[in-house]
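K.L.:
For reference, the chains in residue letters:
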Amino acid sequence: DGGITQSPKYLFRKEGQNVTLSCEQNLNHDAMYWYRQDPGQGLRLIYYSQIVNDFQKGDIAEGYSVSREKKESFPLTVTSAQKNPTAFYLCASSGNTNSYEQYFGPGTRLTVT
Amino acid sequence: AQSVSQHNHHVILSEAASLELGCNYSYGGTVNLFWYVQYPGQHLQLLLKYFSGDPLVKGIKGFEAEFIKSKFSFNLRKPSVQWSDTAEYFCAVNAPFASGSARQLTFGSGTQLTVLP
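Residue numbers (this note's numbering), protein chains in the order written: chain Y, 4 to 116; chain U, 2 to 118.
If we strip away everything but chain Y, and leave its shape as in the complex, we get (with noise of 0.2 angstroms):
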């Protein structure tokens, strides 16, 4: 069964810690993306990575760092930094196709205290 998955789907920290969220893919896209979701703001794009061992920062990258080791695996970790990192956290990923469309994981809701 092909898809996106990120875990854990509710996560909760104390403030000043840093945490990570999984996304794992196993539809050999190449490139994949981590957007962060807030009501009334649409989806703002946090990282994204064409291709194993390199990535970019999107908009919002401020206080928050990405890894690329392998093709199926783009961790996103939310460091204490980041200065409101309550959200919904998105992972995408898009093929190797001139399509451009993207897919997406369930999400992940990160809730800080």
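Don't take every hint at face value.
[To be verified] Examples of chain U residues toward chain Y, derived with CB under 10 angstroms:
| hint | residue |
| --- | --- |
| 1 | H8 |
| 2 | H10 |
| 3 | N33 |
| 4 | F35 |
| 5 | L47 |
| 6 | W84 |
| 7 | F91 |
| 8 | C92 |
| 9 | N95 |
| 10 | P97 |
| 11 | Q105 |
| 12 | L106 |
| 13 | T107 |
| 14 | G111 |
Derived by calculation from the structure, the hints in this document are not laboratory data.
Note that beta-carbon positions come from the ideal geometry of N, C-alpha and C, so glycine has one too.
With chain Y fixed as given, assemble chain U onto it according to the hints.
P.N.:
Chain U only, in chain Y's frame:
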């Protein structure tokens, strides 16, 4: 950088009413356009897309959208909505030849559609 505007933040309709959700984008070059839908508790999924050709595109569940290049618009329509269409709808644009953003999507802020039974 391109931007996407969805002016309707929350739309409430009765079943069988017609729907039109507005989407305008700012980029003047070649674009690929998308509508995504997020049903309660479900993944964001593609509703329809436009790359080239016929500006009227049809998607799943009876939705369609029309690309009007002169108006920089890609409005979503459905002739008769159902209660099951209650969801949040996102318009997105890709500018494949724009510098540094060939594969990125820029999303609008979303429109919450509530269909009353």
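K.L.:
Now, for every hint given, state plainly whether the structure supports it.
P.N.:
Results of checking the hints against the structure:
{"no.": "1", "hint": "H8", "result": "violated (13 angstroms)"}
{"no.": "2", "hint": "H10", "result": "holds (7 angstroms)"}
{"no.": "3", "hint": "N33", "result": "holds (5 angstroms)"}
{"no.": "4", "hint": "F35", "result": "holds (7 angstroms)"}
{"no.": "5", "hint": "L47", "result": "holds (6 angstroms)"}
{"no.": "6", "hint": "W84", "result": "violated (23 angstroms)"}
{"no.": "7", "hint": "F91", "result": "holds (6 angstroms)"}
{"no.": "8", "hint": "C92", "result": "holds (9 angstroms)"}
{"no.": "9", "hint": "N95", "result": "holds (5 angstroms)"}
{"no.": "10", "hint": "P97", "result": "holds (7 angstroms)"}
{"no.": "11", "hint": "Q105", "result": "holds (6 angstroms)"}
{"no.": "12", "hint": "L106", "result": "holds (6 angstroms)"}
{"no.": "13", "hint": "T107", "result": "holds (8 angstroms)"}
{"no.": "14", "hint": "G111", "result": "holds (5 angstroms)"}
Consistency note: the structure conflicts with the earlier hints numbered 1, 6.
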